[in-house]
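Start from the sequences and build out the full structure, keeping to the hints where you can.
Protein chains: 2
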Amino acid sequence: MSEILPAGSTIGILGGGQLGRMLAMAAARLDYRCHIYDPADAPPAGQVVPDVTCGAWTDIAALERFARAVDLVTFEFENVPAEALDAIEAIVPVRPGRRALSVSQDRIDEKDFLTGIGLTTAPYARIDDLPMLEAALGVIGTPSILKTRRMGYDGKGQMRIDRPDQAKRALELLDHQPAVLEGFVDFEREISVIGARGADGQTVCFDPGENMHRDGILRRTLVPAEIPEALKLDAVLLTGRILNALDYVGVMGVELFVTDRGLVVNEIAPRVHNSGHWTQNGCAIDQFEQHIRAITGMPLGDGSRFANVEMINLIGEDLNGLEQYLQDAIHLYGKADIRDGRKMGHVNRVRPLG
Amino acid sequence: MSEILPAGSTIGILGGGQLGRMLAMAAARLDYRCHIYDPADAPPAGQVVPDVTCGAWTDIAALERFARAVDLVTFEFENVPAEALDAIEAIVPVRPGRRALSVSQDRIDEKDFLTGIGLTTAPYARIDDLPMLEAALGVIGTPSILKTRRMGYDGKGQMRIDRPDQAKRALELLDHQPAVLEGFVDFEREISVIGARGADGQTVCFDPGENMHRDGILRRTLVPAEIPEALKLDAVLLTGRILNALDYVGVMGVELFVTDRGLVVNEIAPRVHNSGHWTQNGCAIDQFEQHIRAITGMPLGDGSRFANVEMINLIGEDLNGLEQYLQDAIHLYGKADIRDGRKMGHVNRVRPLG
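If you read the protein sequences in the order shown, they are chains Y and W. Under this note's numbering, think of the first position of the first sequence as 1, with each following residue one higher. Under this note's numbering, think of the first position of the second sequence as 355, with each following residue one higher.
FYI, nobody ran anything at the bench for these hints, they're computed from the structure. Just to be clear, a hint being listed does not mean it is correct.
Said to hold, decoys possible - If we take Cβ atoms under 10 Å as the criterion, some of the chain W residues that face chain Y in the derived model are:
1) M376
2) R383
3) L455
4) E643
5) M652
6) F660
7) G675
8) E677
9) I684
10) H685
11) G688
12) M698
13) V704
What the hints assert, rightly or not - Computed spacing ranges between beta-carbons, pair by pair:
14) Y:R351 - W:D463: 39 to 45 Å
15) Y:G8 - W:F431: 20 to 26 Å
16) W:M505 - Y:E226: 55 to 61 Å
17) W:L707 - Y:G138: 57 to 63 Å
18) Y:G97 - W:R696: 35 to 41 Å
19) W:R568 - Y:D337: 47 to 53 Å
20) W:G695 - Y:E188: 56 to 62 Å
21) W:A396 - Y:D186: 55 to 61 Å
22) W:M566 - Y:D186: 57 to 63 Å
23) Y:N244 - W:E542: 34 to 40 Å
24) W:F538 - Y:P299: 40 to 46 Å
25) W:G470 - Y:E226: 53 to 59 Å
26) Y:A40 - W:T613: 57 to 63 Å
27) Y:G216 - W:R693: 52 to 58 Å
Glycine included, every Cβ here is placed at the ideal spot set by N, Cα and C.
This is the structure:
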């Protein structure tokens with residue numbers, strides 16, 4: 001697909017959570033209809049699109065019907081099973097491509113890829129069993145973190161190991177799944193870069209944001225990040241290198257640790273990213289529209305930042321405190337039930353530049 | 355209704371064109387569902403909302419069903435028949451209220467209201483027949499414009515009169531509908547102010563924009579308008595006076611002529627307005643969200659301008675020239691058929707302040 005997807009075409013989105021919802025709203029501005037595929041029967045994105053298919057990720061017949069009903073497929077989360085993608089891709093193009101998806105689905109593949117292109121990650125070792133873990137702890141030391149290779153997000157599937165004798169218990173708590181042991185990175189800050197690469201190879205990055213987590217969940221992103229300009233440029237260049245190496249088409253989130261020895265890549269997400277929500281009120285073209293532009297073959301838009309923004313996630317009961325944010329730009333996800341740790345919405349607090 | 359409409363509630367929107375579509379997208383960000391009522395069976399706004407009722411403005415049963423399915427009603431155009439509103443208002447609140455609607459639905463009532471609160475309009479006279487028109491032409495002179503009192507928009511229902519002997523023909527061409535004769539205003543520029551008034555009486559205006567028309571249809575809006583700051587303040591204050599006098603709740607567009615004797619009010623529109631589309635990419639809170647905030651009882655948001663914007667309407671075949679605007683913020687309306695004079699979309703060309 002080298003031409004621009006015609007207006008009026010339908011984009012299939014795998015996953016109907018808040019990211020799919022905001023992607024669909026951006027797509028509507030460009031006159032693309034969206035069709036959501038989600039296992040839930042009333043996903044948040046379903047409220048803003050003409051079509052929803054409710055189906056399991058293993059329901060190949062439903063996935064094929066969905067694929068035949070759309071002109072192009074993208075996804076809001078990287079853990080779509082390979083079999084689902086195989087079924088879809090036999091019928092309709094999927095963007096971003098499989099390479100980025102497979103790399104990001106497995107923490108070992110991801111780190112191998114990143115170090116393979118000369119970037120720095122935390123020290124890591126593949127862990128299949130207790131002897132491998134004990135040996136790795138001897139090299140990487142403690143404290144360190146044992147993570148499942150696959151399906152981890154928002155701090156799930158992770159165990160911190162403070163002493164070597166916790167190794168056995170950690171493996172048990174992760175159900176002996178294939179894992180990776182990661183050395184602890186002593187970082188000053190976490191930043192992220194939201195990068196976009198178009199079908200023509202053009203690459204654009206939004207300004208790096210500074211992220212604050214609690215309980216493994218992103219709480220706030222601040223732009224500008226309070227780091228030297230040279231470091232911001234490093235972060236952007238490094239993101240460009242990742243996008244190019246993967247021949248990527250779409251938006252990607254790259255999480256980075258700022259350490260006294262430079263930038264360390266934490267992880268990459270081949271999709272729009274929570275830490276890029278500030279772009280909705282800080283840029284003419286936000287990350288959601290940039291993603292739609294990239295996958296449809298449109299040129300990327302102007303993502304330069306025209307305001308300072310503090311993005312504040314509304315997690316679970318935070319939603320009940322919405323009155324303190326009524327002056328800010330509010331983005332709610334249409335989720336009826338408040339649950340602990342559930343992302344209910346976010347607000348962007350916008351201030352003039354400078 | 356003095357409290358904030360609860361999240362998850364449904365807002366009914368009368369009219370499913372591009373204004374209804376953009377209102378619905380703003381409402382979704384605040385977790386309000388929208389239900390569109392429109393005589394067309396696939397209106398543009400229908401693509402981005404969960405519910406659409408297709409019904410005529412005279413179908414009281416359908417209007418009543420619609421009213422019972424929603425928590426609050428607003429409208430995207432001011433020519434909703436009074437009978438339709440009567441049926442709806444017996445069941446559910448309508449915002450903005452009837453006063454502003456009835457005033458803006460009739461050009462004589464509108465001018466009587468405006469002059470009644472001390473504002474300047476074009477000289478005008480009520481015209482019911484040829485003798486009245488001939489007498490009025492003697493006072494107001496030529497060139498002047500004969501307009502139907504009701505249902506005019508985008509230059510429709512208007513006849514320019516250059517010589518008194520054209521009076522009879524002008525009345526015929528307007529099918530002898532009740533009309534108003536308006537004197538020609540010799541203006542340097544046309545500007546407009548998009549004002550918002552909350553349920554609590556708080557009033558906020560966006561920066562005045564400068565409008566360029568062709569064939570009676572808005573083509574471009576520029577912010578900032580190239581007029582003295584004092585005149586901008588006059589325009590904003592005058593808009594506030596209109597909003598207050600009508601006890602208005604919602605967003606209103608006020609079109610003004612800049613003349614060498616000051617500002618002359620051309621017309622008011624009790625709804626979001628084409629000349630306010632620039633706010634989507636020039637302000638943290640745009641006119642659509644401001645309207646939703648006002649009618650739901652939320653406080654108004656920050657509508658200060660953080661960028662210079664040129665809004666360019668895409669009329670009819672303009673859409674086929676979209677490639678020249680691919681670098682700009684694009685807003686398409688999801689209309690399948692290009693027709694002469696039909697508003698297909700707009701783009702916002704954003705530049706840094708200064």
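Here is how each hint holds up against the structure:
1. M376: With a minimum Cβ separation of about 9 Å from chain Y (threshold 10 Å), the hint on M376 (chain W) holds.
2. R383: holds, 5 Å
3. L455: violated, 28 Å
4. E643: holds, 8 Å
5. M652: With Cβ-Cβ at 6 Å, under 10 Å, it holds.
6. F660: Hint holds; F660 (chain W) Cβ to chain Y Cβ min 5 Å, cut 10 Å.
7. G675: Nearest chain Y Cβ about 13 Å off; hint violated.
8. E677: With Cβ-Cβ at 8 Å, under 10 Å, it holds.
9. I684: Holds, because the Cβ-Cβ distance from I684 (chain W) to chain Y comes to roughly 6 Å (cut-off 10 Å).
10. H685: Holds. Min distance 5 Å.
11. G688: holds, 5 Å
12. M698: Constraint on M698 (chain W) satisfied, holds at 9 Å.
13. V704: Holds, because the Cβ-Cβ distance from V704 (chain W) to chain Y comes to roughly 4 Å (cut-off 10 Å).
14. Y:R351 - W:D463: 39 to 45 Å: holds, 43 Å
15. Y:G8 - W:F431: 20 to 26 Å: holds, 24 Å
16. W:M505 - Y:E226: 55 to 61 Å: holds, 57 Å
17. W:L707 - Y:G138: 57 to 63 Å: Holds, since L707 (chain W) and G138 (chain Y) (Cβ atoms, about 58 Å apart) stay within the stated range.
18. Y:G97 - W:R696: 35 to 41 Å: holds, 38 Å
19. W:R568 - Y:D337: 47 to 53 Å: holds, 51 Å
20. W:G695 - Y:E188: 56 to 62 Å: holds, 59 Å
21. W:A396 - Y:D186: 55 to 61 Å: Since the Cβ atoms of A396 (chain W) and D186 (chain Y) sit about 58 Å apart, the hinted range of 55 to 61 Å holds.
22. W:M566 - Y:D186: 57 to 63 Å: Given a distance of about 59 Å, which is inside 57 to 63 Å, the answer is holds.
23. Y:N244 - W:E542: 34 to 40 Å: 52 Å Cβ-Cβ, so the 34 to 40 Å window is violated.
24. W:F538 - Y:P299: 40 to 46 Å: holds, 45 Å
25. W:G470 - Y:E226: 53 to 59 Å: holds, 56 Å
26. Y:A40 - W:T613: 57 to 63 Å: Check passed, 59 Å falls within 57 to 63 Å.
27. Y:G216 - W:R693: 52 to 58 Å: holds, 54 Å
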